[in-house]
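Colleague: Got chain D sorted already, so can you dock chain G onto it with the hints?
Each chain, letter by letter, is given below.
Number of protein chains: 2
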Amino acid sequence: MAVYTDITDEELAELLAEFDLGAPLSFKGIAEGVENSNFLLETDKGRYFLTVYERRVREDDLPFYLGLMRHLAEHGFPCATPIANRAGELIQRVRGKPAAVVSFLPGLSVRRPSAAHCREAGRGLAWLHEAGAGFAMSKENDLGQESWAPLFAGLRPDAERLKPGMADQIESDLARIARDWPRGLPGGVIHADYFPDNVFFQGQAFAGAIDFYFACTDAYAYDIAIALNAWCFEPDGSFNITSARALVAGYEARRPLSSAERRALPILAHGAAMRFFLTRLHDWHATPAGALVRPKDPMEYERKLAVHRSAPDLVLFGEGA
Amino acid sequence: MAVYTDITDEELAELLAEFDLGAPLSFKGIAEGVENSNFLLETDKGRYFLTVYERRVREDDLPFYLGLMRHLAEHGFPCATPIANRAGELIQRVRGKPAAVVSFLPGLSVRRPSAAHCREAGRGLAWLHEAGAGFAMSKENDLGQESWAPLFAGLRPDAERLKPGMADQIESDLARIARDWPRGLPGGVIHADYFPDNVFFQGQAFAGAIDFYFACTDAYAYDIAIALNAWCFEPDGSFNITSARALVAGYEARRPLSSAERRALPILAHGAAMRFFLTRLHDWHATPAGALVRPKDPMEYERKLAVHRSAPDLVLFGEGA
Numbered sequence: 001m002a003v004y005t006d007i008t009d010e011e012l013a014e015l016l017a018e019f020d021l022g023a024p025l026s027f028k029g030i031a032e033g034v035e036n037s038n039f040l041l042e043t044d045k046g047r048y049f050l051t052v053y054e055r056r057v058r059e060d061d062l063p064f065y066l067g068l069m070r071h072l073a074e075h076g077f078p079c080a081t082p083i084a085n086r087a088g089e090l091i092q093r094v095r096g097k098p099a100a101v102v103s104f105l106p107g108l109s110v111r112r113p114s115a116a117h118c119r120e121a122g123r124g125l126a127w128l129h130e131a132g133a134g135f136a137m138s139k140e141n142d143l144g145q146e147s148w149a150p151l152f153a154g155l156r157p158d159a160e161r162l163k164p165g166m167a168d169q170i171e172s173d174l175a176r177i178a179r180d181w182p183r184g185l186p187g188g189v190i191h192a193d194y195f196p197d198n199v200f201f202q203g204q205a206f207a208g209a210i211d212f213y214f215a216c217t218d219a220y221a222y223d224i225a226i227a228l229n230a231w232c233f234e235p236d237g238s239f240n241i242t243s244a245r246a247l248v249a250g251y252e253a254r255r256p257l258s259s260a261e262r263r264a265l266p267i268l269a270h271g272a273a274m275r276f277f278l279t280r281l282h283d284w285h286a287t288p289a290g291a292l293v294r295p296k297d298p299m300e301y302e303r304k305l306a307v308h309r310s311a312p313d314l315v316l317f318g319e320g321a
Numbered sequence: 001m002a003v004y005t006d007i008t009d010e011e012l013a014e015l016l017a018e019f020d021l022g023a024p025l026s027f028k029g030i031a032e033g034v035e036n037s038n039f040l041l042e043t044d045k046g047r048y049f050l051t052v053y054e055r056r057v058r059e060d061d062l063p064f065y066l067g068l069m070r071h072l073a074e075h076g077f078p079c080a081t082p083i084a085n086r087a088g089e090l091i092q093r094v095r096g097k098p099a100a101v102v103s104f105l106p107g108l109s110v111r112r113p114s115a116a117h118c119r120e121a122g123r124g125l126a127w128l129h130e131a132g133a134g135f136a137m138s139k140e141n142d143l144g145q146e147s148w149a150p151l152f153a154g155l156r157p158d159a160e161r162l163k164p165g166m167a168d169q170i171e172s173d174l175a176r177i178a179r180d181w182p183r184g185l186p187g188g189v190i191h192a193d194y195f196p197d198n199v200f201f202q203g204q205a206f207a208g209a210i211d212f213y214f215a216c217t218d219a220y221a222y223d224i225a226i227a228l229n230a231w232c233f234e235p236d237g238s239f240n241i242t243s244a245r246a247l248v249a250g251y252e253a254r255r256p257l258s259s260a261e262r263r264a265l266p267i268l269a270h271g272a273a274m275r276f277f278l279t280r281l282h283d284w285h286a287t288p289a290g291a292l293v294r295p296k297d298p299m300e301y302e303r304k305l306a307v308h309r310s311a312p313d314l315v316l317f318g319e320g321a
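Chains as they are written, first to last, in the UniProt record's numbering: chain D, 1 to 321; chain G, 1 to 321.
Calculated from the structure, these hints are not laboratory results. Treat the hints with care, as some may be off.
Just so you know, same-sequence chains aren't split out, so a pair can sit in one copy or run between any two.
[Unchecked claim] Here are the simulated SDA-like pairs of lysine to any residue, each with C-alpha atoms no more than 25 Å apart in a straight line:
| no. | residue 1 | residue 2 |
| --- | --- | --- |
| 1 | 28 | 8 |
| 2 | 163 | 88 |
| 3 | 45 | 75 |
| 4 | 97 | 131 |
| 5 | 296 | 27 |
| 6 | 28 | 98 |
| 7 | 45 | 98 |
| 8 | 97 | 109 |
| 9 | 45 | 204 |
| 10 | 28 | 105 |
| 11 | 163 | 114 |
The following block holds chain D by itself, in its conformation from the complex (with noise of 0.2 Å):
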């Protein structure tokens, strides 16, 4: 939760000047998004975001994420809604640094999902994978399934000194999830870090989807395995099979799974966990002491890389459900 860039009212107004959205009312930074400064920003038409970009989002990337976002909202799906300035640019500038005003979404994110807002969750990610499946551009994921060995050799060292042993055992799943991947799923547009910070409700209702700056064109199956890992696990490190056959039903009352898809959850699930280990290990020994940002704790991943190396089945709930 950070603000690293600090925005002048003289800066806001010289943005402004750009668009056709009146005076502001006020302006805010918003200790909200770990990867980019956000201000929510009020003004006589309206509420809207203003995001500027840090160093991890990369600029070449934006016009990707700033169109998904438009075409999800295009089509109805409740999503920030990129706005345009007068010369028709999604994509400003604020202090060298590329930045995007889009519309406010309204909603709040629940802090320990109960098996009702899993059911809303999977009902809002499946409505995500509807509403973008005419998106024209696609994406590669640059954190699939065949970036994490090489992202692992350079992080051997960081495995060891978080637990001996560990870089073994890391290697093993390794080999496993790349042995056993699932290639030709159903495909399209995936949120890819469908987290429940990431993900609005109104009361116990869906209402949204937030920060899709890791969207990318992947199995959807994979979506819902990495919100499987996200939603449903138990604080104490247990599988919530309730909460997960719920994530799952949810979802499939808008888009059933074909049972190749429902065959390949345990090993995507395995695949998700690995995904987050491995980013929150990089991130653990790369983030410096006293950053504005505390890193995420690897180990939380990978006491789930041992439930689905363990227990394989138990995200096979769904079987007959």
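Modeller: Just chain G, lined up with the frame of chain D:
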């Protein structure tokens, strides 16, 4: 800029259950306020701020601060008003910390105030003094003139570390300030931290003040002196007499100064520079490396001290203006 206290959707629901504000529609941590954690809360009924008080605000002082905000708002001054819960209490409790729900105050602060902004800021300060005049409570200024010499006694080595020879210079300033400090000036509730980031504008017009957590009972002209230091120095360290004239003229448009108040401005401004120099000096060395909030540079106020020391007449621009 920081959010120290993390609040879950469940904790928010628990808090809101004590109020008649309806269901939450959105809730965001705000990068505003250095001393507290602030959240922007939207409900069915409107928009509010939730402030969670961190260690630096003494809980015993909250009835004064919140009572003052309520009094000011009831007397037409534009500031956030604390909202009582159903039991009539203004002070809530979140994660064991005191907290308050206040109304949302729109407006933007300016980074580099023009003379026109200074005039409006002066008008707003006089308005605040007038509106606070009938407030029944009082609170000693814990950071008033009598506190400075004892505070500096513990900071001599820190001053010498910043600039050799500085400690004797500060002692000499303190002696002069103690000798010439005015007594018996008109007084009452002052803001005591009336900096540009605590004052809101709509366009060019004063729109309100925030952050009353240094408010206390002291001389009104001392509040003006604090504001002159905070608003009328250029980035290069020079004192902008045009801005200062505008600030005092704006103030006097609502509340004319007595000749005693006017004559006291130079020594009050010297003292006001001392107060902020000393607390910044204290925080500069007391703040651990890598803390969420970067301490403010005491040298900015050391330079202001030097201006008042060498050219006290600068602040007397107002004679005959």
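Colleague: Each of the hints needs a verdict: does it hold here or not?
Modeller: Each hint, compared with the structure:
1. 28 / 8: Both: 11 Å inside a chain and 21 Å across chains, each within 25 Å.
2. 163 / 88: So residue 163 and residue 88 fail the 25 Å test inside a copy (52 Å) and across (53 Å) alike.
3. 45 / 75: The answer is within: 23 Å in one copy meets 25 Å, while 30 Å across copies does not.
4. 97 / 131: Neither. Shortest intra-copy (30 Å) and inter-copy (44 Å) distances fail the 25 Å Cα cut-off.
5. 296 / 27: Classified as between: cross-chain Cα gap 22 Å, same-chain 29 Å, threshold 25 Å.
6. 28 / 98: both (19 Å within a copy, 23 Å between copies)
7. 45 / 98: Intra 23 Å, inter 36 Å, cutoff 25 Å: intra-copy only.
8. 97 / 109: Result: close only across copies, 22 Å inter versus 28 Å intra.
9. 45 / 204: For residue 45 and residue 204, the Cα distance is within 25 Å only across copies (19 Å; inside one copy 29 Å).
10. 28 / 105: This pair counts as both: shortest intra-copy Cα distance 16 Å, inter-copy 12 Å.
11. 163 / 114: neither (32 Å within a copy, 58 Å between copies)
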